[in-house]
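Based on the sequences and whatever the hints tell you, model everything.
Chains as they are written, first to last, in the numbering used here: chain A, 252 to 757; chain B, 7 to 331.
It is worth saying that the hints were derived from the structure and are not from the lab. Be aware that one or more of the hints could be misleading.
Unchecked claim - Not everything, but these chain B residues come out facing chain A in the computed CB check (under 7 Å):
#	residue
1	GLY45
2	THR46
3	GLY56
4	ARG120
5	ARG145
6	GLY165
7	THR174
8	MET186
9	GLY210
Because the structure is a prediction, the values reported are computed rather than measured. Glycine residues also receive a C-beta, built at the ideal position from the N, C-alpha and C atoms.
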Amino acid sequence: MLEDLARGLAAILTFDSLLLVAVGTTVGLFVGSVPGLTATMALALLVPFTFTMDPLSGMVLLGAVYTSSMFGGAFTAILINTPGTPGAIATTLDGYPMAKNGQAELAILVATVASVVGGVLAVIAVIAMAAPLTDIAIRFGPAQYFWVAVLGLSLIAALSVGSLFKGLLGGAIGMLIGTIGISPLGGESRFLFGFSQLQGGVQLLVALIGLFAIPELIRLAVTAKKSVDVDYSRGSVKLSQAFSLTVRKPLNVLRSSAIGLIIGIIPGAGNNVAGLVAYNEAKRADKNPDSFGKGNPQGVIASESSNNAAVAGSVVPLLTLGVPGSPPAAVMLGALMLHGIRPGSALFAESGTLAYGFILSLGVSAIALLVVGVLGGRMICRAVCSVPVTYLVPAIAFMSILGAYSMRNSIIDVFIMVGIGIFGYMVRNIGMQPAPIALGLILGPIAEQGFSMSMLRGGAVHDVPIYALFDNWMSWVLIAMVLLTLFWPMVQEARRKRLPAEEDLK
Amino acid sequence: MSSDAERPTEKRTQLSLAVAAIGAMALFSSPAAADFPSGTITYVNPFSPGGECDIVQRMQQNPMQELMGVDVVIEYREGGGGAVGWSHVKDQPANGYTFACFSIPHIIAQPMTRDPGYQTDDLHVLYTYHSTPQVLVVREDSPFETLEDFIAAAKEAPGSITVGGTGTASGNHLATVRLMRAADITVTWIPFPGSGPTIPALQGGHVTALMTNSTMAVQNSDKFRALAVATEEQIDMFPGVPTFREHGYDVVEAIYRGALGPRGIPEENIAKIVETLDSINRDQAERKTEMGFQPVFYGPEESAQLVERLKVEYEELLGELGMLQ
Numbered sequence: 252m253l254e255d256l257a258r259g260l261a262a263i264l265t266f267d268s269l270l271l272v273a274v275g276t277t278v279g280l281f282v283g284s285v286p287g288l289t290a291t292m293a294l295a296l297l298v299p300f301t302f303t304m305d306p307l308s309g310m311v312l313l314g315a316v317y318t319s320s321m322f323g324g325a326f327t328a329i330l331i332n333t334p335g336t337p338g339a340i341a342t343t344l345d346g347y348p349m350a351k352n353g354q355a356e357l358a359i360l361v362a363t364v365a366s367v368v369g370g371v372l373a374v375i376a377v378i379a380m381a382a383p384l385t386d387i388a389i390r391f392g393p394a395q396y397f398w399v400a401v402l403g404l405s406l407i408a409a410l411s412v413g414s415l416f417k418g419l420l421g422g423a424i425g426m427l428i429g430t431i432g433i434s435p436l437g438g439e440s441r442f443l444f445g446f447s448q449l450q451g452g453v454q455l456l457v458a459l460i461g462l463f464a465i466p467e468l469i470r471l472a473v474t475a476k477k478s479v480d481v482d483y484s485r486g487s488v489k490l491s492q493a494f495s496l497t498v499r500k501p502l503n504v505l506r507s508s509a510i511g512l513i514i515g516i517i518p519g520a521g522n523n524v525a526g527l528v529a530y531n532e533a534k535r536a537d538k539n540p541d542s543f544g545k546g547n548p549q550g551v552i553a554s555e556s557s558n559n560a561a562v563a564g565s566v567v568p569l570l571t572l573g574v575p576g577s578p579p580a581a582v583m584l585g586a587l588m589l590h591g592i593r594p595g596s597a598l599f600a601e602s603g604t605l606a607y608g609f610i611l612s613l614g615v616s617a618i619a620l621l622v623v624g625v626l627g628g629r630m631i632c633r634a635v636c637s638v639p640v641t642y643l644v645p646a647i648a649f650m651s652i653l654g655a656y657s658m659r660n661s662i663i664d665v666f667i668m669v670g671i672g673i674f675g676y677m678v679r680n681i682g683m684q685p686a687p688i689a690l691g692l693i694l695g696p697i698a699e700q701g702f703s704m705s706m707l708r709g710g711a712v713h714d715v716p717i718y719a720l721f722d723n724w725m726s727w728v729l730i731a732m733v734l735l736t737l738f739w740p741m742v743q744e745a746r747r748k749r750l751p752a753e754e755d756l757k
Numbered sequence: 007m008s009s010d011a012e013r014p015t016e017k018r019t020q021l022s023l024a025v026a027a028i029g030a031m032a033l034f035s036s037p038a039a040a041d042f043p044s045g046t047i048t049y050v051n052p053f054s055p056g057g058e059c060d061i062v063q064r065m066q067q068n069p070m071q072e073l074m075g076v077d078v079v080i081e082y083r084e085g086g087g088g089a090v091g092w093s094h095v096k097d098q099p100a101n102g103y104t105f106a107c108f109s110i111p112h113i114i115a116q117p118m119t120r121d122p123g124y125q126t127d128d129l130h131v132l133y134t135y136h137s138t139p140q141v142l143v144v145r146e147d148s149p150f151e152t153l154e155d156f157i158a159a160a161k162e163a164p165g166s167i168t169v170g171g172t173g174t175a176s177g178n179h180l181a182t183v184r185l186m187r188a189a190d191i192t193v194t195w196i197p198f199p200g201s202g203p204t205i206p207a208l209q210g211g212h213v214t215a216l217m218t219n220s221t222m223a224v225q226n227s228d229k230f231r232a233l234a235v236a237t238e239e240q241i242d243m244f245p246g247v248p249t250f251r252e253h254g255y256d257v258v259e260a261i262y263r264g265a266l267g268p269r270g271i272p273e274e275n276i277a278k279i280v281e282t283l284d285s286i287n288r289d290q291a292e293r294k295t296e297m298g299f300q301p302v303f304y305g306p307e308e309s310a311q312l313v314e315r316l317k318v319e320y321e322e323l324l325g326e327l328g329m330l331q
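Here it is as structure tokens:
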């Protein structure tokens, strides 16, 4: 293994490979920071270019784009409150308030450092423990998917700013939107209202652009300000400041990276959820949970380190099982197959240089983010902050429409995006946040699928089908985590009340 | 307004309209094969990036551009198990510039079970390039050594054996239904949202067996044991694996993929597309076999025969399942 590792390292530390990393991360940054351009699409377009390359170079390029686009989503999340990729939803929660407090550049630098640290840590973990990590992916059956989705939904309780009721209502609306289309198990049509286009359901990214970008654009337009209310002072923030913020609480970045890694490994849950789970854990562990959501850099660190750790996580099942952990990983699987490489346990034995070289290159790409992020981040930051709103709003609106259309080349998707956007603006005014709606939309289908499949399996192996949800210790671990998430706020409340009382006794 | 001033403009408009009309005729309505193709070809992928259509289309894209001398763009229109893409292609001008990757049974079974926005006969299957025969696989350490073991266990405790695969009324599902019918057994069908998640599900023991595509079975041959193949005769990619027929069960099922367009494309243009796809398919046959595809070379007539034959069979199977619309 060490020999393969060394050979893989030698293969990627060549000029050509490093050039591919540089190109890939730049492309990825662009793709990630434009809402609507997805890593999946970018990778699919790049696949034919990799035909002429040797397999490792091709994978290095694709891996660099993937890594960087996960990171690029943070820019729009911070600057215009719109996650450029679904993985950056949690970044909006504290990143945008930071920008409003005049810390836009600090937020971007913190996001950069956290992404680099998360990415590198995850690569080290994958190299050291690929086999036991694969085991996690295999153990996840329908029941565990169901409980992971429930865990994700229980985060709504923790993430709801203001009213819990409105948060839950938002989650329910999201889940309802998620049921549109062909049902996952029976294949029945649901809520098509006569449009055969709706058979494919509401695309997650189309909904996200609508939920996040459109309300922000309407808000910007109606405030009639000259430029975005993000203060930007050039060069006043040093990279070292971002570093010290990240290192000051090493537990946060370690915990978030581990969460990202593990959720990334589970095929299907993917990067979308990783950021939110890590954010919630960071908030729970913090001494001052109320500071989250108001511009706490630790929230940005949690979200960004975990969604970049999830990148390395999602290649574990790809390489060891031949099962893609995320849609971009599915495209990479296709690229591997086109090169005649069969992923699976034999891959590490037969083409160890390729396997280790590819994993290592993800680490190199993560490090490259530091350069790309600091340079590109400052540039994008300056551009967004200095362009007058009269130009910025139409420009972002244009990209949003283009993004929604390009997802499936469908004009219906544009109407859906605008419709959800107007709805999002109206409900935001009554205090309903977009994050719970997005969470419901992401997790509703996973929960439905897991539940129905468990019931089918339960009918075959148990007397009472529902036992299938409880017949495995991993289910119980997840159930415990759900209960903890739901009741922790009450525990904290109770403690807070008790503490002053104890002090009185002294 | 003086009418004199308007006249020249009018004339110019008429002239340019005429030019445009001639241009359009040359581009679209004229069946002149020598001119086809003279513009960009749109090759629709109704499935997601990274799927089996995607892999094949990406393989064909470059040689197609070389052979046809025009750009070939792959356009994603995913959703509804391919239905969104096919109903779109159905409504495109029938000139040969737009066609899509298809898969059978989808284009036959979908209109039978719901309204997918198209009918099978709206689509013209131009060429069929490969099939992925269905294979019943179990885990390497499974107690089922042979198909007979599996069937005996299913007879002993009906419904207790779970078989996983992709979707409902899909190739995987219909092969399983055929097996249940032929062997008079009952197993519990567990539909997964795609072929990817079925692999860890079998490895982790969340299902007893998989009815899967030959590509999946070939790629995971180190982990899974193939019990039987749903082909007419044994095939080279599964040496020593018997067919269901050898065991006395009439189960033949495969997923077929190829290219289809709207009805009414001029014959000459169809001939050009078929010729191009056929030549590429023959070049790539060996590589595709290694990947687990079984290349076939069906032109429009053979493809139409295939569709007609399967229509009758699927109607019967789906009718028995109570799934017909």
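Hints and how they fare:
1. GLY45: Violated, about 18 Å.
2. THR46: Violated: closest Cβ of chain A sits about 14 Å from B/THR46, beyond 7 Å.
3. GLY56: holds (3 Å)
4. ARG120: Since the shortest Cβ distance to chain A is 5 Å, the answer is holds.
5. ARG145: violated (11 Å)
6. GLY165: Constraint on B/GLY165 satisfied, holds at 6 Å.
7. THR174: Constraint on B/THR174 satisfied, holds at 4 Å.
8. MET186: violated (14 Å)
9. GLY210: Since chain A brings a Cβ to about 4 Å from B/GLY210, closer than 7 Å, the hint holds.
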